[in-house]
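Participant: The listed protein sequences derive, respectively, from chains S and U.
Residue numbers for the first sequence follow my numbering, so the first one is 1 and each next one is one higher.
Residue numbers for the second sequence follow my numbering, so the first one is 1 and each next one is one higher.
The reader is advised that the hints may include incorrect statements.
Reference listing, derived: stretches of chain S covered by chain U, where coverage requires no fewer than 3 residues with Cβ under 8 Å from a Cβ of chain U [stated by the list, open to error]:
(1) 23-29
(2) 78-88
Mimicking EDC-like on lysine to aspartate or glutamate, the simulated pairs with C-alpha atoms at most 20 Å apart in a straight line are [claimed, not checked]:
(3) S:LYS42 - U:ASP57
(4) S:LYS57 - U:ASP94
(5) U:LYS96 - S:GLU18
(6) S:LYS42 - U:GLU3
(7) U:LYS42 - S:ASP86
(8) S:LYS42 - U:ASP7
(9) S:LYS78 - S:GLU68
(10) U:LYS96 - S:GLU56
(11) U:LYS96 - S:GLU1
(12) U:LYS45 - S:GLU1
(13) U:LYS2 - S:GLU44
(14) U:LYS42 - S:GLU56
(15) U:LYS42 - U:ASP82
Calculated from the structure, these hints are not laboratory results.
Virtual Cβ for every residue (Gly too), placed ideally from N, Cα, C.
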Amino acid sequence: EPEVTQTPSHQVTQMGQEVILRCVPISNHLYFYWYRQILGQKVEFLVSFYNNEISEKSEIFDDQFSVERPDGSNFTLKIRSTKLEDSAMYFCASSEPGTGYEQYFGPGTRLTVT
Amino acid sequence: RKEVEQDPGPFNVPEGATVAFNCTYSNSASQSFFWYRQDCRKEPKLLMSVYSSGNEDGRFTAQLNRASQYISLLIRDSKLSDSATYLCVVSRGDYKLSFGAGTTVTVRA
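Please put together the full structure from these sequences, using the hints given.
Facilitator: Shown next as structure tokens:
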């Protein structure tokens with residue numbers, strides 16, 4: 001069964017450093033997403049991406065964040081200058097268009113900012 | 001008002017029991033509805049989409065009441081493996097998913 005994969009599974013970084021989280025969506029999916037979940041809190045939408053551009057972003061997704069699809073398989077989330085409050089689990093998801101928006105999630109990257 | 005509200009539980013039930021819980025959503029423009037399950041520190045996994053007519057998938061039954069803006073999930077013949085947090089998720093049709101905080105279910109032997 002096809003699945004979304006993410007690397008690394010755990011990233012530790014110092015405040016102010018840049019991090020890149022990587023995702024490989026399901027191969028025939030065209031919509032890609034990033035969500036985050038701070039420990040003990042609900043899953044929150046960050047950004048959706050389609051046709052090589054952002055289709056929607058949340059208030060959380062400020063200028064410190066960017067997304068990119070650098071090639072035909074990877075989808076990345078970059079945080080330019082990490083803050084302590086960026087510590088969270090980051091989930092990538094993907095979906096086909098026209099299937100009721102069923103999104104399938106990767107296993108997540110746990111980001112710890114020290 | 002929260003976009004999606006759920007009773008956090010926990011619901012502690014014996015194996016074989018039936019457990020049911022609801023969630024409510026605030027945006028009447030919501031178009032798509034889902035139940036996901038999340039195990040501790042893992043990713044949300046799609047359990048089922050919820051359709052207006054209600055739908056069933058094995059031991060799981062989901063209902064949608066658009067007039068009252070609530071969604072329900074019923075689990076029959078609970079198994080130990082059903083222990084998880086169940087996330088109520090809605091979408092306005094713009095591909096962004098809005099998650100509830102989850103309902104914790106613990107099935108005991």
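Participant: Now, for every hint given, state plainly whether the structure supports it.
Facilitator: Results of checking the hints against the structure:
Remark: the region 23-29 of chain S is not confirmed as covered by chain U, as 0 of its residues place a Cβ nearer than 8 Å to a Cβ of that chain, below the required three. Coverage of the region 78-88 of chain S by chain U is violated in this model, with 0 residues showing a Cβ closer than 8 Å to a Cβ of that chain against a need of three. Among the hinted pairs, LYS42 (chain S) with ASP57 (chain U) is inconsistent with the structure: their alpha-carbon atoms are about 25 Å apart, more than 20 Å. Taking the CA atoms of LYS57 (chain S) and ASP94 (chain U), the gap is about 11 Å. The hint holds against a cut of 20 Å.
For the given pair, LYS96 (chain U) sits about 26 Å from GLU18 (chain S) by alpha-carbon distance, which is inconsistent with the 20 Å threshold. Using a Cα cut-off of 20 Å, the hinted pair LYS42 (chain S) and GLU3 (chain U) holds, with the two alpha carbons roughly 12 Å apart. A C-alpha spacing of about 18 Å is found between LYS42 (chain U) and ASP86 (chain S), which places the hinted pair at or below 20 Å, so the restraint holds. Proximity of LYS42 (chain S) to ASP7 (chain U) is assessed by CA-CA distance (about 13 Å); at most 20 Å being required, the pair is judged to hold.
With a C-alpha separation of about 8 Å, the suggested pair LYS78 (chain S) and GLU68 (chain S) falls inside the 20 Å cut-off, and the hint holds. Straight-line distance between C-alpha atoms of LYS96 (chain U) and GLU56 (chain S) comes to about 8 Å, which keeps the hinted pair within the 20 Å bound. Distance check on the hinted pair: LYS96 (chain U) and GLU1 (chain S) sit about 24 Å apart at the alpha-carbon level, beyond 20 Å; violated. Distance hint between LYS45 (chain U) and GLU1 (chain S) is fulfilled; the C-alpha atoms sit about 14 Å from each other, no more than 20 Å.
For the proposed pair LYS2 (chain U) and GLU44 (chain S), the alpha carbon gap of about 13 Å is at most 20 Å, so the pair holds. Taken as a hint, the LYS42 (chain U) and GLU56 (chain S) pair is broken in the structure, with Cα atoms around 25 Å apart against an allowance of 20 Å. A hinted pair counts as satisfied when its Cα atoms are at most 20 Å apart, and LYS42 (chain U) with ASP82 (chain U) qualifies at roughly 15 Å.
Checked against the numbered hints given earlier, the structure breaks hints 1, 2, 3, 5, 11 and 14 and satisfies all the rest.
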